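Peer 1: Given these sequences and hints, build the entire structure.
Those sequence lines, one after another, are chains A and B. Counting from 1, one number per residue, gives the positions in the first sequence under the working numbering. Counting from 53, one number per residue, gives the positions in the second sequence under the working numbering.
Don't read these hints as lab results, they were simulated from the structure. Warning: the hint list may mix true and false statements.
[Said to hold, decoys possible] 20 Å max Cα-Cα, derived SDA-like pairs, lysine to any residue:
1) B:K257 with B:E187
2) A:K30 with B:L78
3) A:K30 with B:S68
4) A:K30 with B:D263
5) B:K257 with B:L60
6) B:K257 with A:E29
7) A:K30 with B:F245
8) B:K257 with B:I268
9) B:K257 with A:S44
10) A:K30 with B:R269
Just so you know, these numbers come straight off a predicted model, no measurement behind them.
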Amino acid sequence: MENLSYLFAAYTAIWILVFAYLVRLQRREKILRQELDQLRQRLSGERRGLDP
Amino acid sequence: MPAQISTLFPALVFLSMTAALWAVFLYVPTEREMGLVQRIFYFHVPAAIAAFIGFFLVFVGSIQFLRTQQARWDRLARCAAELGVLFSLIVLFTGPLWARPIWGVYWRWEPRLTSMLILFTIYVAYLTVRSYGAEAPQTQRFAAVLGILGFVNVPLVYYSVHLWAPEQQLHPRQVELSAEMQHTLYLCFAAFFLLFFYLLQRRMKIEQTSDALAQIRLDLGDEP
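Peer 2: Written out as structure tokens, the structure reads:
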């Protein structure tokens, strides 16, 4: 039982690393979504400007 | 990737990881000599193999990029390198935590540990080159060469226990596992490979979208 802390630390480290990476991916996805929305708004604005 | 598979992927990863954790903590018997801490092995080894797969994909992507100059190969190499580094980091974190109670030290400069650390450093350098050089063609080519050369170290890590003298080693040359231990290890391999390819697919999608957005901005006349 004396080695339980090492086992716990190892599995905690694994999940922290995986979740940190997932959070990083999620942040990048959010930035891309925002960028996409900006482009959509800009394009629809330009289209409205072209309408007679 | 078809939308249905893409939706099922996270569920599959979750289920396989739950099954792997069940096997590691509830199914497999405790190893007699090392005790509880030996259970680190079931995630440590699959993480190492997942890292090797990542570096192999960097190798393939880099060769194909130099051959064809197609951006998708460069994307594959970049994303796989990131995952290779992530899984190497898992190996480098869990290894010392397993080593401390068994060998009495967190770290020893023995062949496998040292070669693994060198491998990790090479791909950190690869990612650093990529992050500083942006998308310049010269950087892409340089990174591809680094990605190919870096892969030479993978078989070196794998076979390091055989290449160096036994008295220099801490890692065993052969590991004997009971049937339950083997089943658990295979389950963990499946879970880790699924996790690896799920993350790779998500990372590739981000890169693809980012490249497409950059192209649209360029077409609209924006500054790069």
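Peer 1: Tell me, in ascending order, the numbers of any earlier hints that this structure violates.
Peer 2: 2, 3, 7 and 9
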